[in-house]
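For reference, the chains in residue letters:
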Amino acid sequence: MVESKQKRSAPAVNAPSAEELAALRPTLITGGKRPGDVTRDICEPMDRKPTALWWAAFSVSLAALIAGTIAVTYQIAFGIGTWGLNRTVGWAFDITNFVFWVGIGHAGTLISAVLFLFRQKWRTSVNRSAEAMTLFAVMCAGLFPVIHMGRPWLAFWMGPYPNTRGSLWVNFKSPLLWDVFAISTYLLISAVFWYIGLIPDLATIRDRSKPGIRQRIASIFSLGWNGSARTWHRYETVYMLLAGLATPLVFSVHTIVSMDFATAVIPGWHTTIFPPYFVAGAIFSGLAMVLTLMIIARKVMQLENYITIVHIESMCKLMLSMGSLVGLAYGTEFFMAAYSGNPYEQFVFLNRALGPFSWAYWTMVSCNVLIPQVLWFRPLRRNVAVVFVICIIINIGMWFERFVIIVTSLHRDFLPSSWAHYTPTTIEIITFIGSFGLFFTCFLLFCRVAPVIAMAEIKGVLKNPPRSKAPQESAKGDAV
Amino acid sequence: MTGPPEEHSCLLATFDHEEDLLAATSEVHRLGHPIVDVFTPYAVHGLDRAMGLRPSRLTWVCFVFGMAGGLGMLWFEHWVSALAWAIDVGGKPWNSLPSNVPVAFEAAVLLAGFASVFALFWVARLFPGKKYRPVIERVTDDRFVLVIDQADSQFDASQAEALLKPFNLVDLEERVLSTGGTS
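Heads up: the protein sequence lines correspond to chains A and B, in order.
Note that our numbering gives residue 415 to position 415 of the first sequence, counting from 1, and the numbers run on in steps of one.
With the second sequence counted from 1, adding 480 to any position gets you our numbering.
Take these hints with a grain of salt, some might be off.
[To be verified] Calculated cross-link-like contacts (lysine-lysine; reagent style BS3-like; alpha-carbon spacing at most 27 Å): (1) A:K49 - A:K210; (2) A:K33 - A:K121; (3) A:K210 - B:K645; (4) A:K317 - A:K49; (5) A:K173 - A:K33; (6) A:K33 - A:K49; (7) B:K572 - A:K173; (8) A:K210 - B:K610; (9) A:K33 - B:K645; (10) A:K317 - A:K299; (11) A:K299 - A:K121; (12) A:K299 - A:K49.
Derived from the structure by calculation, the hints contain no laboratory data.
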């Protein structure tokens with residue numbers, strides 16, 4: 001663009017050339033790739049037969065999914081009395097898992113929408129898989145409240161539709177209903193965002209595949225995309241609109257999830273800090289999960305030139321800032337409890353740190369606040385093995401955060417006579433493992449059938465790709 | 481945009497570098513030769529200005545449907561909670577505006593998002609099963625094609641070649657294309 005402006009106003013002095021501007025940008029994709037190389041590098045793993053490692057991972061995931069399906073069938077058949085819940089602790093493992101998975105989903109939208117609006121070009125290497133991860137995580141999340149209903153075949157009662165019961169409508173004043181709308185909107189918009197991003201890449205696959213089933217499928221789903229600049233122009237507008245819509249959406253979804261708790265009167269839940277605290281925690285856990293997956297993918301699929309150490313470091317910085325926000329929220333909660341003068345509130349927080357679930361609380365603090373502090377050090381941020389271990393630790397810590405919030409607040413509230421303990425049953429644990437099975441089965445299938453990196457976006461951020469052949473004329477200015 | 485397809489004699493100039501295409505397109509546009517379209521493997525920034533395209537009006541679709549979704553849902557929530565079957569929930573007012581906001585917001589986002597995407601499919605004529613022939617083979621891989629209408633410009637292949645060669649022209653081809661339905 002700079003170049004063309006120069007041509008119009010011929011004697012442009014001191015205006016930087018496109019090459020000079022490009023030199024200022026950091027190199028995102030290494031290895032001197034040209035657009036054609038990108039197509040080949042990303043598409044070739046799909047042409048090959050799956051590796052033994054892929055089959056091993058897929059078998060384990062599928063086994064976990066099957067075990068989970070059996071557990072879910074069992075609890076639907078016999079009722080949720082098969083869980084360890086009691087009259088005091090009425091929400092525990094399942095809602096913990098629900099919040100855990102929704103939270104993981106948030107990083108996908110953060111990377112695809114929020115970082116898009118902030119013009120963070122490094123997002124192009126990770127946005128496709130982060131969006132896929134969002135979709136699968138939200139699917140896993142949605143399962144838990146549905147199972148918790150006890151009669152999941154009546155889940156459609158949550159929809160506001162004219163019915164033979166009155167019509168008796170849904171209660172729009174309930175945050176649980178807001179959640180239904182928030183999660184379904186989030187799932188649908190994430191799916192659309194992901195699909196829109198896939199269309200140009202599906203067209204690339206259609207054009208490079210030999211006639212056959214893959215080409216036919218790519219042809220149907222690429223909707224006749226031909227790369228026309230007029231279509232690109234509109235496409236970019238819609239992509240920007242979707243990013244603009246998804247940004248407040250991602251904040252609203254976890255805000256509403258936090259209101260499931262914050263609008264209750266239970267000490268430990270009834271706080272105004274919950275929405276920002278939950279959103280920060282969600283993005284924190286999601287980034288840890290994206291990074292876990294990306295570190296595996298770059299190794300297994302040889303994508304080191306696309307997901308470079310710069311990408312990993314950028315994500316570590318984001319993770320560190322989100323982790324610090326989460327740490328601040330932990331501190332603020334304690335301060336507010338002390339400052340409120342409310343004995344119930346004060347008791348709940350002392351009970352968290354020193355009571356029967358203190359092991360869970362201190363696991364949470366160590367995993368989410370203490371250990372991630374090593375990310376302040378550049379050599380450690382750039383050490384893939386260290387980052388991988390920290391990501392796993394954060395994932396564990398963030399699961400415990402939800403467990404601590406839900407179970408420790410419920411198990412001892414106002415009346416000591418109703419205090420109780422909670423232990424999960426095998427069924428609950430297998431269901432949780434099953435949700436990991438669902439997540440990884442979907443993700444591994446996605447790696448096989450769709451390009452894991454957004455080719456059309458990566459090609460746009462290549463820095464000065466080398467020309468395929470020598471220029472025919474050296475001076476471009478001759479024509480002017 | 482929706483006129484009947486017309487046969488046009490066109491020049492297809494192929495480039496293999498984004499910057500060559502950008503410079504060539506702005507030059508062709510500056511000289512006033514009608515550009516039928518440009519085909520690129522990815523969104524080239526600045527190409528809309530180089531081609532002289534106006535900003536897309538799809539933002540209006542997003543705005544109108546977002547408003548319709550939000551206001552429509554607010555009205556529906558009011559009708560459900562205060563008119564059709566009013567239920568006292570914890571002594572809150574029947575038509576409690578703050579508690580109606582979250583769902584109305586979600587409805588606004590959902591409708592605005594879906595409407596924008598379907599409007600894009602509509603105006604860009606993207607649909608499953610659309611008949612498709614790539615303008616050149618590698619256009620969704622790594623080639624950039626500038627399509628210039630020859631019909632009403634005094635412009636032949638040799639002139640075009642002289643004009644575009646300094647921009648590292650890779651290939652120049654004359655072809656009859658049916659336009660009209662393509663934009």
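Given the hint that A:K299 pairs with A:K49, does the C-alpha gap stay at or below 27 Å? With Cα atoms ~17 Å apart, A:K299 and A:K49 stay inside 27 Å; holds.
Decide if the proposed pair is consistent with the structure: A:K33 and A:K121, CA atoms, cutoff 27 Å inclusive. holds (16 Å)
Straight-line Cα separation of A:K33 and A:K49 no greater than 27 Å? holds (25 Å)
So if I understand the rule, the pair passes when the alpha-carbon distance is 27 Å or less; does A:K49 with A:K210 pass? holds (16 Å)
Mind checking the alpha carbons of A:K317 and A:K299 for me, to see if they're no more than 27 Å apart? holds (21 Å)
Regarding the pair A:K33 and B:K645, is the alpha-carbon distance no greater than 27 Å? Measuring from Cα to Cα gives roughly 25 Å; hence the hint holds.
Hey, B:K572 versus A:K173, does the alpha-carbon distance stay inside 27 Å? holds (9 Å)
Keeping to a limit of 27 Å between CA atoms, is the pair of A:K210 and B:K610 held or broken? Given pair A:K210, B:K610 holds - Cα atoms ~19 Å apart, limit 27 Å.
Could you grab the alpha-carbon distance between A:K299 and A:K121 and see if it respects the 27 Å cut-off? The given pair, whose Cα atoms are some 22 Å apart, holds under the 27 Å limit.
Hinted pair, alpha-carbon criterion (27 Å max): A:K173, A:K33. Please report holds or violated. It is violated: about 54 Å lies between the C-alpha atoms, which goes past 27 Å.
Hinted pair, alpha-carbon criterion (27 Å max): A:K317, A:K49. Please report holds or violated. This hinted pair is violated, its Cα atoms lying about 36 Å apart.
Between A:K210 and B:K645, does the CA-CA distance stay at or below 27 Å? Not satisfied, since the Cα-Cα distance of roughly 34 Å exceeds 27 Å.
Hint compliance for this structure: hints 3, 4 and 5 are not met, and every other hint is.
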